[in-house]
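From first to last, the protein sequence lines are chains A and B.
Going by this note's numbering, the first residue of the first sequence is number 1, and it counts up by one from there.
Going by this note's numbering, the first residue of the second sequence is number 466, and it counts up by one from there.
Hints should not be assumed to be uniformly reliable.
To be verified - Capping the alpha-carbon separation at 20 Å, the derived lysine to any residue pairs in SDA-like fashion look like this: (1) B:K516 / A:P46; (2) A:K212 / B:K490; (3) A:K212 / A:I394; (4) B:K469 / A:L325; (5) B:K742 / A:S455; (6) A:K24 / A:R178; (7) B:K547 / A:R178; (8) B:K469 / A:Y433; (9) B:K490 / B:A503; (10) B:K469 / A:P14.
As the list claims (entries may be wrong) - One side only, chain A facing chain B, incomplete, derived with CB under 8 Å: (11) H179; (12) W182; (13) G454.
Hints are computed from structural coordinates only; laboratory data are not their basis.
Cβ atoms here follow ideal geometry from the backbone N, Cα and C, with glycine treated the same way.
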Amino acid sequence: MAFSSITFLYFFLPLALGFHYLFKNMVYRNIVLLLFSLIFYAWGEPIMILVLLFTALFDYGNGLLIERFRGSLKAKVVLVFSIIVNIGALVAFKYSGFLYDNLSLLFDLPFQRPKVFLPIGISFYIFRTLSYTTDVYRGTVAAQRNPFSYLLYISLFQLTFMGPIARYEQLQPTLESRHFSWNDFSAGINRFCLGLFKKILIANVAAELTDKYLVNGFSDLTGADAWFGIVMFSIYLYFDFSGYSDMAIGIGRMFGLHILENFRHPYAAISVADFYRRWHISLGTFFRDYVYIPLGGNRKYQDRNIFIVWMLTGLWHGAQWNYVLWGCYFGVIMILEKYARSVLAVTPRFLKHTYTLILIVFSRAIFYFEDFDALWNFITIHLFDFHTFSNLGIAVDVTTHIYWLTIVIILCIPWNEFIRNTGKVWRFFTQSYLYTSPIISLAFLVLSTMMILGSSFNPFFYQKF
Amino acid sequence: MIHKINVIVFLSAILIGTTAFFTLKKEKISVDEKRELAEMKPFNWETFTQKEWSKGTAAYLADHFPFRKALIDGSDKIKAAKGIILETQERIILAKKPLKKPKTVIDPTISHMSYVDDFEEDYTGDLLILNGRVYNLTGGSTKMAAVFAKMVNEYASALKGHTTVYTAVPPVACAFIPVEKYKKYNTQNRNTLAAIGANLKNGAVFSDVFTELNNHSGEQLFFGTDHHWNATGAYYGYVAFCKAAGLTPVPLAKMDKKIKYGFLGTMYQTTRDQSVKEHADTFKYYIPKVATKAVRYSEYNYNSPQRVSVFANSNGGNMYSTFVSGDHPLIKITTGVKNGRKCAVVKNSMGNAFSVFLISHFEEIYVIDFRYSKHNLMSLIRENKIDDLIFAVGLYATMSNGTINMMRRLASHAGMAPPAPPTKPSNDTIRKSPNQQPDTL
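So that you can see chain B by itself, here it is in the shape it has in the complex:
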């Protein structure tokens, strides 16, 4: 009898799963994972022999398994139950590269989604979990800092006399781990960022973001559950930029403070650690008292601009997309600051929290995500008479030849020319002076 019961229980469990798969409604997007769930691959000879069909079907079945989210949450609890976890314990875990690169979500109608972040795509290595916060342990390299600076110098050379080029690169959160043995990451980050400054030429200006943040290292400058800096950290980055650019930063007290709760970002999604989950971030942000209007453009052209918010109503795991509505190829922000000053910010997601502070100082801000934009940056700068070009990217982006070249290629993309600005047409084009260095862009 017990054997019969065993067989019936097992088969029932299996068949409940199978039946629910075919009967329950299937989601298309996983918000937590910031990706589209797998779709069924068409069956044909090529997909079959290339194993795409079998792999695609396996991914489809796993992605759409009934109650997937609840079961994944359950798996996090099982992982936590492997032993005794003390909150103050320092635990190092390994972030693995996903076996398959997740498909990026580019549907502009899906307002709550944003592009997959480069951190998730690229980061592998040690993650430290301490007091419910996650730190990726890296400090970059001075050698790659010089490679990044060289790319910035090329822009500075090409734009000399017309547009000032700045860098505003923040360190990584591990620079400020409040434990003595991890102070080496503070030094590493400091040296790497200083090397960017030391290698800048052709009038490119270095914003000393590290020093500014280091002066406030007692404050929370980064999220604990996400790899980005928080609004406070980004504010000090903005202060560093203002100092470099000769601007007067607006005090935080003169901005509207907003708070959202329960932010579990990329670091939580990577670790799925229960102690991190229990320390969800409080998401504070500051809105400068300036009127704004923002539109996003697609990767290639300026057709059909869509309205986006400078401070979006993003929630859940996607809360960081509050800043400039997340990552888009190109966003143009027009502000109520009628001073005629314009800037372009070349950024990855780290630059989003930084860019929003600029609305107090510029009439127009062009926020270009170097990972997705196919617009020609030089045309954009020339046609719109941009005064300042700011490279506000995370440290990771400066440490890879791939991402540095993506920033370099912005100068040569064949994207459509921007629409003529509303002011009078410009005759002003960038002319090289005889003693100017060769334009390598």
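Just chain A, with the same shape it has in the complex:
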């Protein structure tokens, strides 16, 4: 069930909110939240919910064991066992086909390609449960004694499908105790409606334009078409995923849960490293805290560590070589940026911004084409086909989407970063937004409902991870 579906908006959400706030007792509220979370997941994965249940119960037990054996080798053994089983499950469900395809090129494998279905959101909840056991081992959090509380953390419907990869230590306080607040609820509504607007009215339109330029074969694709196509794909990716994160954060606040930010206007970044500090923040911090730092961080073998982290980040996105290549691409850029820090420091902001955008948009081509031949053709023949760079078709698409593109640009600019310290101006904008928010949110809801009904269902791109 997508957040941007009629089922969720007009049936699931009011029922879940209604039952949740029917009770004042936190235990009952959590029972309601757990039941609705399980229904939400089973709606999309009626069988594969067993994997989620197993993961939750398995690491609930591991958390208790780690705490019991704290300080001894046994705790480490349990942690390693937890990591092996969880990563093993991820490999089995997500990478077994990929491994088979590649190993069968080298060896004559005596068995058929495994037919395994990827459970929705497995990459997200496995990472959340891994962060929990590691944090318990490190002593950052205490092990959860109540299996249902832990199951609630893992199955929380706001987070299961597409994250953010909210850590246990961040969520646990509001899972244990939360109170109804008009402010929270109202802020949650505004955030949710903004996310809905971003998904339905921005991302889905960008997806249509991407399809038009990149999906339908590209024998006639000019250089302008190719760039326009991947720019649209870049817009789509950002608004699709950040829209979903906005909705998750917004729904969380409606229920009194505080979920950390996952995006901070990444297209305003002034370096690739800056971009990834603003993009899918929960994934970046996960790899930083649980891979990069344990590998030695910037204390030893930093270049190697950066490269490994980015290769794994690429692989996390999909079981295809193009994602590995994509990760390596950023691994190399991150290392080069590290060495070019002094140059970047004196480079004008505008140039840094342009350089970042070009590299990011170019990376979308690697991300988009799973077939290397198609990618190679796209880059070598079309992307740099400057002879046929002018194209009337794009001019038409730009004019017929000119208001939409203006909104896209406005939403990509971090206005709050620019005017936060302007005193009166900042106050004027925040007050204006506050008092118009009921109308704006209602408009977003109504417009999105119209568009949902007016178009065929468009699944979220990141749901496949």
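Here the structure of chain A is known, so what remains is to put chain B in place on it, guided by the hints.
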């Protein structure tokens, strides 16, 4: 206070939608979409684990959402408001395959409905919007034209000496886009249709519909909001057939001209484009001055024939169903032309507008929709002593092995034998001559 207002406004909006869903009357059919709206799936272990129940419920809730039609119309306006749309701008949009094939409507009691057209089921690709008209940009392939011709040849071989087999395949509207840069589609369509003619054998006769239409390319031959040809285009198709069959076409001036207004057909439904909506087609059609009686039969048998109109009173998005009351498995038209000549028309929806002109020349016309009919075409031809078999299908149908095989399978369907004709029983059966090619049907 403002936070309270925000919460109340949001929850009220949501609850109005939910409450209206449970209280308002639910439609069963969407006329615009030519489909039955989703029904609630029964809940059981199998439907639950196969995700059919959740998907079905989601489809049911979305299909029956209150004020759905008005909200969808609103979404069209939002789409148009994304930027500046100039009427003369050439815009290419992508027609996507529906994620779920719509359920076809087969209830014969629903007179205003017809079968879902194969265009909507199959067409994906570029659509050009120009001056409020939509063109699907395709010209077919000569390779597939040969495959289609082979199937026609098989019929011609099997029916040689008794029934003459014709093709009357029209081009696609894009063949006549009045802009120089799109002339390539004219050539493509011409080559594809010419390849059908070049590959016909065994006495099969080619009706040069393209040339006839091309000679009148200054006229509106196709609808702008629908993928079908209009009555004028179909008339020139009929003229081409008459030339091939040695018949004298009846001039349009000798027919009754009728006009309906505000036709928004399949192309509008696919694009939902505001400029197309503002250029709704004027639906002109011509009724030959011949008395007719028509009945439709079900897919398999000849029981319980139902009366249908050769020119039905169809309106709205379904206006094209004016011709032979839309798509039915088998329609038999009996005319006042007492010349004993009979024909069978194998067609998809494109053949509907064409078939109605034949009533001036045949005493009996059997209109068979190859997509839905399970009648045995060979039995029908033999038992009714059909003189002419005409393949009047759209270009799409000739460009797919699937649809070509559906036409081929008409020869081997196990549908019930047709009732004996009212004239004396026939002893005449099709006999193969020794030098006849093997009957592959």
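Hint check:
Restraint check for K516 of chain B and P46 of chain A: the C-alpha separation of about 7 Å stays at or below 20 Å, so the hint holds. At most 20 Å may separate the alpha-carbon atoms for a hinted pair to count; K212 of chain A and K490 of chain B exceed this at roughly 39 Å. A C-alpha spacing of about 11 Å is found between K212 of chain A and I394 of chain A, which places the hinted pair at or below 20 Å, so the restraint holds. Of the pairs offered as hints, the one joining K469 of chain B and L325 of chain A is violated, with about 50 Å between alpha carbons and a cut-off of 20 Å exceeded.
Between K742 of chain B and S455 of chain A the CA atoms are separated by roughly 17 Å; this keeps the pair inside 20 Å, and the hint holds. A distance of roughly 10 Å separates the Cα atoms of K24 of chain A and R178 of chain A; the hinted pair therefore holds under the 20 Å criterion. For a cut-off of 20 Å, the pair hint linking K547 of chain B to R178 of chain A is broken: about 41 Å separates their Cα positions. Simply put, K469 of chain B and Y433 of chain A have alpha-carbon atoms about 15 Å apart, close enough for the 20 Å limit, and the pair holds.
Among the hinted pairs, K490 of chain B with A503 of chain B is consistent with the structure: their alpha-carbon atoms are about 15 Å apart, no more than 20 Å. Restraint check for K469 of chain B and P14 of chain A: the C-alpha separation of about 17 Å stays at or below 20 Å, so the hint holds. Interface restraint check: H179 of chain A against chain B, minimum CB-CB distance 14 Å, threshold 8 Å, status violated. Using the Cβ-Cβ criterion of 8 Å, the hint placing W182 of chain A at the interface with chain B is satisfied: the shortest such distance is roughly 4 Å.
Interface hint status for G454 of chain A: upheld, as the beta-carbon distance to the closest one in chain B is roughly 3 Å, under 8 Å.
When each numbered hint is compared with the structure, violations occur for hints 2, 4, 7 and 11.
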